[in-house]
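*Asks:* Here's the letter readout for the chains.
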Amino acid sequence: MSAEAVRQPAAAPIVDVRNVRKIYRRDAEEIVVLNGINLQVPNGEFMALMGPSGSGKTTLLNLIAGIDRPTSGEVIVAGTDVGRLSESELARWRSHNVGFIFQFYNLIPVLTALENVELPLLLTSLSKKERRERALTALKVVGLADRAGHYPRQLSGGQEQRVAIARAIVADPAVLVADEPTGDLDAKSAEEILALMESLNCDFGKTIVMVTHDPRAAEKAHTQKHLEKGVLKA
Amino acid sequence: MKYLPYVLKHLRRNWMRTLSTVFAMSICIFLFCTLQTVLEAVNWGLQSANASRLVTRHGLSLANMLPLSYKQRIADVEGVRAVAITTWFGGSLPAKKEEQDKVDAGESGPDFSNFFQNFAVEAEPYFAMYPEYQIKPDEKRAFIGDLQGALIGRGLAKKYGWKVGDRFFLESFIPPYRKASGPFEFVVQGIYDVDLVRYPGTDATLMFFHQKYLEEGTGRRVGAGTYAVEIADPSKAATVSKAIDAVFENSDAPTKTETEAAFMAGFVSMAGNLALLLNAIGIAVAFTILLVTANTMSMAVRERRTEIAVLKTLGFSSGLVMTLILGEALVLGGLGGALGLFLSRGAISVLPHVPMIGGLFAQFPSFGLSAAVAALGFAIALFLGLAAGFVPALLAYRARITEMLRQA
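In the order they appear, the protein sequences are chains P and S. Going by the numbering used here, the first sequence opens with residue 1, and the numbers climb by one from there. Going by the numbering used here, the second sequence opens with residue 1, and the numbers climb by one from there.
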């Protein structure tokens, strides 16, 4: 990782998005998805990003998670300007700093709940025993220790999402990003997932940035930000 | 190694597809190893060729006999040290006791399931120029002194449980070599041994008998199948060969003289270019399997686009994702290779016992799956696996997370 990419000013926000533009090119056509975004997320914040479809919410989330790069501007997360990292540096950075929660859980169907949660730890130097212990601890946090040996097909949607959350927190990342985490769940399961996320924020101090369409989900967040046509509204 | 369980679990995702791919790969390796073993056995036999020996045969084909009068004229050619008549008899044993009785009654023909190579030779000059057949002096004397005598290899004696003094019958499938009164009767007068260290490739499953017995048994001068010619200077083999053929150039029976190695290689290739044929089959099968496996891997990777995106999101580098996919392909190749070797080993051990064609393989003393062929077969399986997985792995390597998630 280049020294230039790491910045650690005192009391800096854990996510600092500075004048970011994201432009997709389709043939000769340019589509401006994000246009001059500035966003600061303090450490320990639970922020909801809202907005209509196509407003650029997921794109902004992807930039914060380091799975996409801005066309211009800076995205500094946990002191690192992710736009300056190489592909392999970015992958390593993601494994240490970001936990991603998908709308459709995206668990690996051939792996058990425990093995799914253990996946990010394969990238560490932990022993097999230590990996298993930490994965089991993460499953306990989400209340699914008793389902450790179950495959995704043997779990309900809500349980799958909880396993996905366990996978996101198992490496103890600085930031959790969630893309419509309740979008595929019934009301009861959605409520449970939101309660779990609140707990992760309050009890474990996790910084969470969540994209959602659901106003009830957004109410659980401390702050709400609205995107419209690639521009952040107050 | 910590990723191996992950790789194996993915192969279990679609049992049917994995098994069919492994099976297809195993067929490829099975064919390759079995065909190469046949080729290796044939080539092993060629090692017995001696540089100081030539073979003179009819210029048209091996099926045509050469006049017996040629012997002296060949011997007179400068550079020739000795000449011996050798005639491939093509005789087979009756299969069972009751068949033997029918043979005695003149009711039955030869049984080719018990076929082995047998030659009528001029014993004294022939064995003088073939030191690789190691014969006890007393047995050699007894063989030369008995017109019905047979000299058999140790391998043949072991196969049929024959010992000196035993009698057996042979009948040729070549009509001029058949007697009206029934098969030829032979008495085992000697058993020769071979020293494979000094003389690699020497066949211990041959039978020799007297050319004179063949001539007298059929009641006519049947001619010579070939002449074995020993020359004084191996470096002049080409010159002497030309000189021999020149003698008979304008006769009714022109000759073709070549080194023993060239003769044996030509004999093997009478059924076509065996090596080319077998290698072409192997390459065609390998290429087909490459396409099948590549298709399987492509489908497997296409189905898992989202998972690949998830792995990358979790922090798996593109290189690691590519390695995991190549690992899967390698395991597929390895499993297919192992199964193919197992099948090939089984087939090779069974081939010499298959009725009708078994004798063809049984004549090769070293017929078996060699470590070199097995290692090459397994390496090909691994290579095919890797080659098949390379393109899908490269696509996964290059794929962008956001694009794969959008396509899901």
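No lab work stands behind these hints: they were computed from the structure. Think of the CB as a built atom: it goes at the ideal place given N, C-alpha and C, for glycine as much as any other residue. Any given hint could be a false lead.
What the hints assert, rightly or not - Here are the simulated SDA-like cross-link-like pairs (lysine to any residue), alpha carbons at most 20 angstroms apart as the crow flies: (1) K140/P / L111/P; (2) K2/S / R153/P; (3) K2/S / R92/P; (4) K128/P / R167/S; (5) K2/S / S127/P; (6) K2/S / R134/P; (7) K129/P / K136/S; (8) K9/S / V110/P; (9) K129/P / G157/P; (10) K9/S / G149/P; (11) K225/P / D203/P; (12) K236/S / E216/S; (13) K136/S / S181/S; (14) K2/S / T124/P; (15) K212/S / F169/S; (16) K9/S / P109/P; (17) K2/S / P109/P; (18) K2/S / G157/P; (19) K9/S / R92/P; (20) K129/P / K163/S; (21) K128/P / P137/S; (22) K2/S / L126/P; (23) K128/P / K9/S; (24) K179/S / R167/S; (25) K2/S / K140/P; (26) K2/S / E130/P; (27) K163/S / P137/S; (28) K9/S / R153/P; (29) K256/S / K9/S; (30) K129/P / F173/S; (31) K140/S / A63/S; (32) K9/S / R132/P.
Unchecked claim - Among chain P residues calculated to face chain S with C-beta under 7 angstroms, some are: (33) L61; (34) N62; (35) T71; (36) L85; (37) R94; (38) S95; (39) F100; (40) I108.
*Asks:* Now, for every hint given, state plainly whether the structure supports it.
*Replies:* Comparing the hints with the structure gives:
1. K140/P / L111/P: 18 angstroms, holds
2. K2/S / R153/P: At roughly 24 angstroms apart (the allowed maximum being 20 angstroms), R153/P and K2/S break the hint.
3. K2/S / R92/P: 18 angstroms, holds
4. K128/P / R167/S: 72 angstroms, violated
5. K2/S / S127/P: This hinted pair holds, its Cα atoms lying about 10 angstroms apart.
6. K2/S / R134/P: 16 angstroms, holds
7. K129/P / K136/S: With a Cα-Cα distance of about 72 angstroms, the restraint between K129/P and K136/S is violated, given a limit of 20 angstroms.
8. K9/S / V110/P: Cα-Cα ~6 angstroms, so holds.
9. K129/P / G157/P: Measuring from Cα to Cα gives roughly 29 angstroms; hence the hint is violated.
10. K9/S / G149/P: Judged against 20 angstroms, a Cα distance of about 14 angstroms means the pair holds.
11. K225/P / D203/P: 23 angstroms, violated
12. K236/S / E216/S: 37 angstroms, violated
13. K136/S / S181/S: It is violated: about 33 angstroms lies between the C-alpha atoms, which goes past 20 angstroms.
14. K2/S / T124/P: 11 angstroms, holds
15. K212/S / F169/S: Since the Cα atoms of K212/S and F169/S sit roughly 17 angstroms apart, the hinted pair holds (cutoff 20 angstroms).
16. K9/S / P109/P: Since the Cα atoms of K9/S and P109/P sit roughly 10 angstroms apart, the hinted pair holds (cutoff 20 angstroms).
17. K2/S / P109/P: The hint holds at about 19 angstroms.
18. K2/S / G157/P: 29 angstroms, violated
19. K9/S / R92/P: 24 angstroms, violated
20. K129/P / K163/S: Violated - the C-alpha atoms of K163/S and K129/P are around 68 angstroms apart, more than 20 angstroms.
21. K128/P / P137/S: 73 angstroms, violated
22. K2/S / L126/P: Holds, at about 11 angstroms.
23. K128/P / K9/S: With Cα atoms ~17 angstroms apart, K128/P and K9/S stay inside 20 angstroms; holds.
24. K179/S / R167/S: Given that 20 angstroms is the threshold and the Cα spacing comes to 18 angstroms, the pair holds.
25. K2/S / K140/P: 24 angstroms, violated
26. K2/S / E130/P: 13 angstroms, holds
27. K163/S / P137/S: 16 angstroms, holds
28. K9/S / R153/P: 15 angstroms, holds
29. K256/S / K9/S: 64 angstroms, violated
30. K129/P / F173/S: 74 angstroms, violated
31. K140/S / A63/S: Violated. K140/S to A63/S sits at ~30 angstroms, over the 20 angstroms cutoff.
32. K9/S / R132/P: Measuring from Cα to Cα gives roughly 17 angstroms; hence the hint holds.
33. L61: At 11 angstroms from the nearest chain S Cβ, L61/P fails the 7 angstroms test, so the hint is violated.
34. N62: Holds, about 6 angstroms.
35. T71: 13 angstroms, violated
36. L85: 12 angstroms, violated
37. R94: 4 angstroms, holds
38. S95: Holds, because the Cβ-Cβ distance from S95/P to chain S comes to roughly 2 angstroms (cut-off 7 angstroms).
39. F100: Because about 5 angstroms separates F100/P from the closest Cβ in chain S, which is inside the 7 angstroms limit, the hint holds.
40. I108: 6 angstroms, holds
Violated hints, listed in ascending order, are 2, 4, 7, 9, 11, 12, 13, 18, 19, 20, 21, 25, 29, 30, 31, 33, 35 and 36; each of the other numbered hints is respected by the structure.
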